[in-house]
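> These are the residues of each chain, in order.
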Amino acid sequence: MTDTPQGALDELATHARRGFPQLLAARDRTERDLDDLRRRLRDGPCDPGSSVVMMGSWGRRERTNGSDDDYLVLVDGERPGEGAPPVEPQVPRLETLLGRGEAKPGTQGIFGQQVFVGPMVRHIGLEEDGNANLTQRMLLLLESVPVVGREAYRRSLEQVVDGYLAGEAKDYRPPRFLLNDLIRYWRTICVDFAGKARADDQKWGMRNAKLRLNRKLLFAGGLIPVLHCHLHLRDEQRAFLLDALQAPPTDRLAHAFLRHDAIDEGVRALGAYDRWLGMLDDPESRAHLTGLTREAAADDAVFRDVRRLAQEFERGLIALLFETGLSPLAREFVLF
Amino acid sequence: MVSAATRDARTGVPFTAHHPLGTSTGHLVELRGQWDLLVRRALDVSTLAVEIAALSEPEFVTLCDWLGDAGRGLPFRFVSVHAPTKQLAMPEDELVGRLAALPAAIDAVVVHPDVLQDPARFRPLGRLVVLENMDFRKGDGRTAAELEPYFDALPDAGFCLDVPHAGSIDPTMGVAHDLLDAFGDRLRHVHLSSVDGDCHHVPLTPGDEEAFGPVLSRCRDVPWILEADLPRR
Chain A
21 MTDTPQGALD
31 ELATHARRGF
41 PQLLAARDRT
51 ERDLDDLRRR
61 LRDGPCDPGS
71 SVVMMGSWGR
81 RERTNGSDDD
91 YLVLVDGERP
101 GEGAPPVEPQ
111 VPRLETLLGR
121 GEAKPGTQGI
131 FGQQVFVGPM
141 VRHIGLEEDG
151 NANLTQRMLL
161 LLESVPVVGR
171 EAYRRSLEQV
181 VDGYLAGEAK
191 DYRPPRFLLN
201 DLIRYWRTIC
211 VDFAGKARAD
221 DQKWGMRNAK
231 LRLNRKLLFA
241 GGLIPVLHCH
251 LHLRDEQRAF
261 LLDALQAPPT
271 DRLAHAFLRH
281 DAIDEGVRAL
291 GAYDRWLGML
301 DDPESRAHLT
311 GLTREAAADD
321 AVFRDVRRLA
331 QEFERGLIAL
341 LFETGLSPLA
351 REFVLF
Chain B
1046 MVSAATRDAR
1056 TGVPFTAHHP
1066 LGTSTGHLVE
1076 LRGQWDLLVR
1086 RALDVSTLAV
1096 EIAALSEPEF
1106 VTLCDWLGDA
1116 GRGLPFRFVS
1126 VHAPTKQLAM
1136 PEDELVGRLA
1146 ALPAAIDAVV
1156 VHPDVLQDPA
1166 RFRPLGRLVV
1176 LENMDFRKGD
1186 GRTAAELEPY
1196 FDALPDAGFC
1206 LDVPHAGSID
1216 PTMGVAHDLL
1226 DAFGDRLRHV
1236 HLSSVDGDCH
1246 HVPLTPGDEE
1256 AFGPVLSRCR
1266 DVPWILEADL
1276 PRR
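Residue numbers (my numbering), protein chains in the order written: chain A, 21 to 356; chain B, 1046 to 1278.
If you are wondering where the hints come from, they were derived from the structure by calculation, not from laboratory data. Every residue gets a Cβ at the ideal spot worked out from N, C-alpha and C, and that includes glycine. Incorrect hints may appear among the rest.
Examples of chain A residues toward chain B, derived with CB under 7 Å [unchecked claim]:
no., residue
1, Ala36
2, Val287
3, Gly291
4, Ala339
Cβ-Cβ distance ranges computed for the label pairs, FRET-style [to be verified]:
no., chain 1, residue 1, chain 2, residue 2, range
5, A, Val211, B, His1245, 47 to 53 Å
6, A, Glu256, B, Pro1259, 48 to 54 Å
7, B, Leu1093, A, Gln26, 34 to 40 Å
8, A, Glu147, B, Asp1274, 53 to 59 Å
Given these sequences and hints, build the entire structure.
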């Protein structure tokens, strides 16, 4: 078992009777679409301090029918002061290639814009770490992939990791600062879901399903490498995290199931997630869930399937965290 | 003190610490048909998982009525219903229709393959239906080879591993491992107890705990449903 999670989903799939057809197809599709995007954007000029970074299903390598084009233009350094000339996007044709029609980025002011790395790293916690800053920082760490400016992207990622580790990391300990922020982010998503549902019942079914599955994958996929830092000296943790976070979250989870001798459980957990991805890729199921209210969901057959898949996925994650060698770490660090 | 036999070989965790662990109401024979009381007793074991067992068709009919009123209010996070295996009189299509109409809170319906007349009739239940492996007394559904045609007929069905049933066929537990090798990716829950010489469920014996350990350590993510009282030690 190597220390890098890259390729672990393929390895776990060899233990699964039906494999993970939806996950692997979505991964192929994402890689093809990334190649296509990179080719289309290759010729244009790009500021060496900027990168175009895809997030969401792109970052998880899970593109299906109906996936959004969630992206950020990351710019190194600080936001220009008031009165200073605005920084030009520097990436031509971006808006003509991304976010067209139904694929438009999420509507809460998180995606589809220019973001400066300086404030993202400087404001971890406290008043100035608003929802957008926290979300952009976490998604950069947990589910991002560059299409333009790979070097600039790598530097941004390093700065964010350094922002958590500098002066905080300890030998053979999960980095608490990062761990706490990750848990805060997950709980924030959960609380915001409930708040949003109270204010607006629209899309409840799809939002709930994604919370149960995609967002949980995202959280667990970050939690595992952070806990695995306990295997490393302080000086090794940065490289370890950077490598792990470059792998898709499904690779990180598959790697953990393999590493902790929980292959049967991993096959079932990611098998359930695989079936969910199949539902997401089906326009009919997707439309049905998008139109489902909370009240109607209680007796809805499609939602019952989603709930069942989500439970299977969650139980696999709980077994991984609490019934394998990860259990002492989960008990010691995850709650308090 | 917990004996070595009660510990999972890989993690050192006692079986009773498994999450989620629940009980079947099937072994509470003195309360048969009194669903409120049965569920109350099940809650004493766990508020997280339960199997509500209607082993005869007349019981099942009363359970359907009861669930129609109470189904949504059940607090458990995992609820399975054991479909009837005795005194079967209604047409199989009607049984499937009644199972399909169970409240959405029901996560799984356990069926015995050997009582199915036409397994394909259960296909509309999709992932709700869960096939259980049978004990040595039954003529079918005991091994991976015998279960294969049922899963072929029900491609979305889940699998419930009855550990002592597998042990009754092969005390070395090779059959149990074969079943997990073949259908492990469908595993939805586990039935756990010991069985006596007539294959009646009895509390888990120390010897069986030892023997079942490696099998159970492949099932750490699914509910374990006790089909007898917890062992008194």
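> Give a verdict on every hint.
We went through each hint and held it up to the structure:
1. Ala36: holds (6 Å)
2. Val287: holds (5 Å)
3. Gly291: Holds, about 5 Å.
4. Ala339: Ala339/A check passes; min Cβ-Cβ to chain B is 4 Å, inside 7 Å.
5. Val211/A - His1245/B: 47 to 53 Å: Given a distance of about 49 Å, which is inside 47 to 53 Å, the answer is holds.
6. Glu256/A - Pro1259/B: 48 to 54 Å: At 35 Å between Cβs, range violated.
7. Leu1093/B - Gln26/A: 34 to 40 Å: With Cβ atoms ~36 Å apart, the hint holds.
8. Glu147/A - Asp1274/B: 53 to 59 Å: holds (57 Å)
The structure shown violates just one earlier hint, number 6.
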